[in-house]
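Protein chains in written order, with UniProt numbering: chain A, 1 to 295; chain B, 1 to 269.
Just so you know, not all the hints are guaranteed correct.
Keeping only pairs whose Cα atoms sit at most 27 Å apart, straight-line, the calculated BS3-like set for lysine-lysine is [unchecked claim]:
1. A:Lys196 to B:Lys135
2. B:Lys26 to B:Lys135
3. B:Lys104 to A:Lys196
4. B:Lys76 to B:Lys26
5. B:Lys104 to B:Lys76
6. B:Lys247 to B:Lys26
7. B:Lys39 to B:Lys81
8. B:Lys104 to A:Lys190
9. B:Lys76 to A:Lys190
10. A:Lys36 to A:Lys59
11. A:Lys196 to B:Lys81
12. B:Lys39 to B:Lys139
13. A:Lys196 to B:Lys139
14. A:Lys196 to B:Lys213
15. B:Lys247 to B:Lys139
16. A:Lys196 to B:Lys26
17. B:Lys39 to B:Lys135
18. B:Lys139 to B:Lys81
19. B:Lys183 to B:Lys139
20. B:Lys247 to B:Lys213
21. B:Lys212 to B:Lys104
22. B:Lys247 to A:Lys190
23. B:Lys81 to A:Lys190
24. A:Lys59 to A:Lys236
25. B:Lys139 to B:Lys26
26. B:Lys135 to B:Lys183
27. A:Lys190 to B:Lys213
28. A:Lys190 to B:Lys156
29. B:Lys212 to B:Lys247
For each label pair, taking beta carbons as the anchor points, the in silico distance ranges come out as [what the hints assert, rightly or not]:
30. A:Arg285 to B:Glu33: 40 to 46 Å
31. B:Asp27 to A:Arg103: 43 to 49 Å
32. B:Asp160 to A:Ile277: 36 to 42 Å
These aren't lab readings, by the way, just hints derived from the structure by calculation. The C-beta atom is built at its ideal place from N, Cα and C for all residues, glycine as well.
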Amino acid sequence: MDWRLIKDRIVKYTFAFLLFIALGMVLLIFVGLTGKSLPLLQNEPIGQILTESVWSPLKGNFGFLPFIMGTVWVTFISLLIAVPLCTLASAYLVEYASEHLRRLVLPLMNVLAAIPPVLYGVWGVLFVVPVLSRYVAPMFGIDSSGYSVFAGGIVLAVMIFPIMISIMVQVLQTIPQDLKSASLSLGATKWETITKVVLVKARPGLIAAVVLGISRAFGETIAVLMVCGNVPQIPKSLFDAGYPIPALIANNFGEMMSIPLYDSALMFAALLLFVIIFGFNLISRLILNRLEGKN
Amino acid sequence: MHTYPRFETEETQNITQMALPHIEIKDLNVFIEGQHILKDINLSIPNNSITSIIGPSGCGKTTLLKTLNRLVDDGKGVEIKGSVLVNGEDIYAPHAEVTHIRKKMGLLSQRPFPLPMSIFDNVAYGPRIHGERNKAILKQIVEQQLRNVGLWEEVKERLDASATGLSIGQQQRLCLARGLAVKPEIILGDESTSALDPISTQTIENLLIELKKDYTIVLVTHILRQARRVSDYILFVYNGEIVEFGKTEDVLLNPQNEITKQYVKGFIS
């Protein structure tokens with residue numbers, strides 16, 4: 001056979017092999033995490049682990065509810081801040097801003113996205129936490145150190161701004177000018193056109209942007225760890241400290257071998273994170289598919 | 001005062017003298033990113049008739065159409081000098097309110113762009129924006145306009161279905177109904193049939209001919225046969241200038257200008 005054809009075939013199978021290695025990694029991580037979590041799961045039923053709220057490794061109590069709730073609170077707060085802000089900011093950039101401003105802002109977003117998370121953490125500690133503790137919490141008559149899920153949510157929101165805004169801008173730019181003209185020519189204002197036509201038409205893409213933001217928020221570790229307070233309790237208000245799952249793993253990784261079942265518990269935390277992010281992406285993919293099918 | 005006898009036949013003068021023209025363009029110059037797209041346009045568009053703007057690609061016909069409802073100013077680097085009077089009111093005056101101007105004109109674009117909502121909501125969109133909340137009235141408007149464009153029988157069972165499910169010809173009629181629902185006085189068509197099949201094209205053309213008794217219609221087209229079929233007046237634009245304006249048969253059968261002659265014979269396209 002011609003050597004060129006053989007080479008072509010070799011390349012094809014090598015590339016396929018490399019692809020399967022990459023995919024296999026994901027599977028391996030899942031299998032590895034499950035294997036390592038088994039000792040904990042054999043010790044206690046999974047339902048109990050997930051709903052138990054007492055966390056004291058020394059006594060052998062591994063209740064994960066505080067960490068799950070910590071993650072949920074922080075993620076939810078960050079989305080509550082980031083989604084409306086990013087939607088409106090990108091609508092402004094696409095529909096109102098001058099070309100000049102747009103060219104200035106979009107590269108700036110990429111710079112923001114490239115800032116290492118630890119710097120956001122430092123900013124959180126030096127700025128967000130004191131402001132919450134000195135000014136915001138007293139307004140509600142609450143005494144708080146500032147290290148709280150609120151601080152985590154704010155820092156996280158700022159961290160997901162760049163990715164959300166740049167994707168949302170890209171999505172909004174795909175809306176055809178003629179569709180906007182159709183609305184404008186009926187006498188609609190720009191604002192009416194944005195809310196009733198542009199954002200509606202862009203919804204699947206905007207959801208995708210939010211999903212990417214959420215995925216980032218779930219997994220973000222260091223910045224959140226620095227400002228959340230890391231107390232294993234279920235947060236009851238914005239100003240309570242929380243302890244998100246990634247922070248749990250990062251904080252205790254060093255000492256996990258010294259206490260029985262502790263390593264297994266941390267691996268279970270990792271598995272939990274893995275499953276949540278995986279499941280979330282799956283569900284959102286399904287939503288996206290359905291929305292796309294509709295249009 | 002600028003005079004422009006060259007562009008007015010006796011008939012158009014008579015018409016413009018009878019009633020205030022819906023649209024009157026005075027010394028209009030449009031620049032886009034430094035390029036002089038429209039040059040010294042002076043024109044009165046006759047009421048209750050169809051005027052077709054013809055000319056080769058890139059001559060400025062679409063820009064001319066879009067200056068009439070100020071959609072042109074949404075573009076980048078657009079500079080406009082001169083005035084466009086709609087019912088005697090200069091739409092480029094500093095205090096002119098753009099949504100109010102656009103409401104007077106229905107736009108039918110090249111391809112149909114149904115809004116991302118149901119068939120009913122598409123037609124009700126305009127009236128709702130302009131403050132109509134009464135459900136019974138909205139229902140009545142929607143039915144009336146859908147009947148107007150001959151779509152009612154085809155869609156009455158699925159008014160709540162997404163408008164994107166309609167065929168492209170139906171979508172274009174829906175867009176026309178949507179435009180008519182805000183009670184415009186003028187209909188602007190930008191090569192409105194270029195994406196349609198022959199039968200849908202004919203439906204739209206017949207609709208426009210029927211609608212001209214109530215509306216002043218301005219169409220941009222690059223199909224001469226269409227211009228001949230539907231229009232009462234023809235405006236030939238070349239390189240951003242008005243070359244000839246007159247009754248359809250005069251311009252097409254007996255063009256005065258050498259360039260018009262060449263275009264009509266198909267030497268320029």
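Structure-based check of all given hints:
In summary, the hint linking lysine 196 (chain A) to lysine 135 (chain B) is supported, as the alpha carbons are separated by about 19 Å, within the 27 Å threshold. Restraint check for lysine 26 (chain B) and lysine 135 (chain B): not satisfied, since their Cα atoms lie roughly 42 Å apart, outside the 27 Å limit. Our distance criterion of 27 Å between C-alpha atoms is met by lysine 104 (chain B) and lysine 196 (chain A), whose separation comes to about 21 Å. Between lysine 76 (chain B) and lysine 26 (chain B) the CA atoms are separated by roughly 23 Å; this keeps the pair inside 27 Å, and the hint holds.
Between the alpha carbons of lysine 104 (chain B) and lysine 76 (chain B) the distance comes to roughly 24 Å, so the proposed pair stays at or under 27 Å and holds. Of the supplied pair hints, the one linking lysine 247 (chain B) and lysine 26 (chain B) holds, its CA atoms being roughly 21 Å apart against a limit of 27 Å. The suggested pairing of lysine 39 (chain B) with lysine 81 (chain B) holds, with an alpha-carbon distance near 10 Å, which does not exceed 27 Å. Restraint check for lysine 104 (chain B) and lysine 190 (chain A): satisfied, since their Cα atoms lie roughly 17 Å apart, inside the 27 Å limit.
With a C-alpha separation of about 16 Å, the suggested pairing of lysine 76 (chain B) with lysine 190 (chain A) holds against the 27 Å cut-off. As the CA atoms of lysine 36 (chain A) and lysine 59 (chain A) are separated by approximately 20 Å, the hinted pair is consistent with the 27 Å bound. Taking the CA atoms of lysine 196 (chain A) and lysine 81 (chain B), the gap is near 33 Å; set against the 27 Å cutoff, the hint is violated. Restraint check for lysine 39 (chain B) and lysine 139 (chain B): the C-alpha separation of about 45 Å exceeds 27 Å, so the hint is violated.
Among the hinted pairs, lysine 196 (chain A) with lysine 139 (chain B) is consistent with the structure: their alpha-carbon atoms are about 20 Å apart, no more than 27 Å. Only pairs whose Cα atoms come within 27 Å are accepted, and lysine 196 (chain A) paired with lysine 213 (chain B) is rejected, the gap being roughly 33 Å. Restraint check for lysine 247 (chain B) and lysine 139 (chain B): not satisfied, since their Cα atoms lie roughly 40 Å apart, outside the 27 Å limit. As the CA atoms of lysine 196 (chain A) and lysine 26 (chain B) are separated by approximately 36 Å, the hinted pair breaks the 27 Å bound.
Under the criterion of a C-alpha separation no larger than 27 Å, the hint pairing lysine 39 (chain B) with lysine 135 (chain B) is inconsistent with the structure, at around 47 Å. Between lysine 139 (chain B) and lysine 81 (chain B) the CA atoms are separated by roughly 42 Å; this puts the pair beyond 27 Å, and the hint is violated. In summary, the hint linking lysine 183 (chain B) to lysine 139 (chain B) is supported, as the alpha carbons are separated by about 15 Å, within the 27 Å threshold. Taken as a hint, the lysine 247 (chain B) and lysine 213 (chain B) pair is honoured in the structure, with Cα atoms around 17 Å apart against an allowance of 27 Å.
For the suggested pair lysine 212 (chain B) and lysine 104 (chain B), the alpha carbons sit about 15 Å apart, so the restraint of at most 27 Å is met. For the hint pairing lysine 247 (chain B) with lysine 190 (chain A), the CA-to-CA distance comes to about 38 Å; that exceeds 27 Å, so the pair is violated. Straight-line distance between C-alpha atoms of lysine 81 (chain B) and lysine 190 (chain A) comes to about 24 Å, which keeps the hinted pair within the 27 Å bound. Only pairs whose Cα atoms come within 27 Å are accepted, and lysine 59 (chain A) paired with lysine 236 (chain A) is accepted, the gap being roughly 25 Å.
At most 27 Å may separate the alpha-carbon atoms for a hinted pair to count; lysine 139 (chain B) and lysine 26 (chain B) exceed this at roughly 41 Å. The straight-line distance between the Cα atoms of lysine 135 (chain B) and lysine 183 (chain B) is roughly 18 Å, inside the 27 Å bound, and the hint therefore holds. Using a Cα cut-off of 27 Å, the hinted pair lysine 190 (chain A) and lysine 213 (chain B) is violated, with the two alpha carbons roughly 32 Å apart. About 31 Å separates the Cα atoms of lysine 190 (chain A) and lysine 156 (chain B), which puts this hinted pair outside 27 Å; it is violated.
Our distance criterion of 27 Å between C-alpha atoms is met by lysine 212 (chain B) and lysine 247 (chain B), whose separation comes to about 16 Å. At about 42 Å, the beta-carbon gap between arginine 285 (chain A) and glutamate 33 (chain B) stays in the expected band of 40 to 46 Å. Between aspartate 27 (chain B) and arginine 103 (chain A) the CB atoms are about 35 Å apart, so this pair departs from the stated range of 43 to 49 Å. Between aspartate 160 (chain B) and isoleucine 277 (chain A), the C-beta spacing of about 37 Å keeps the proposed range 36 to 42 Å intact.
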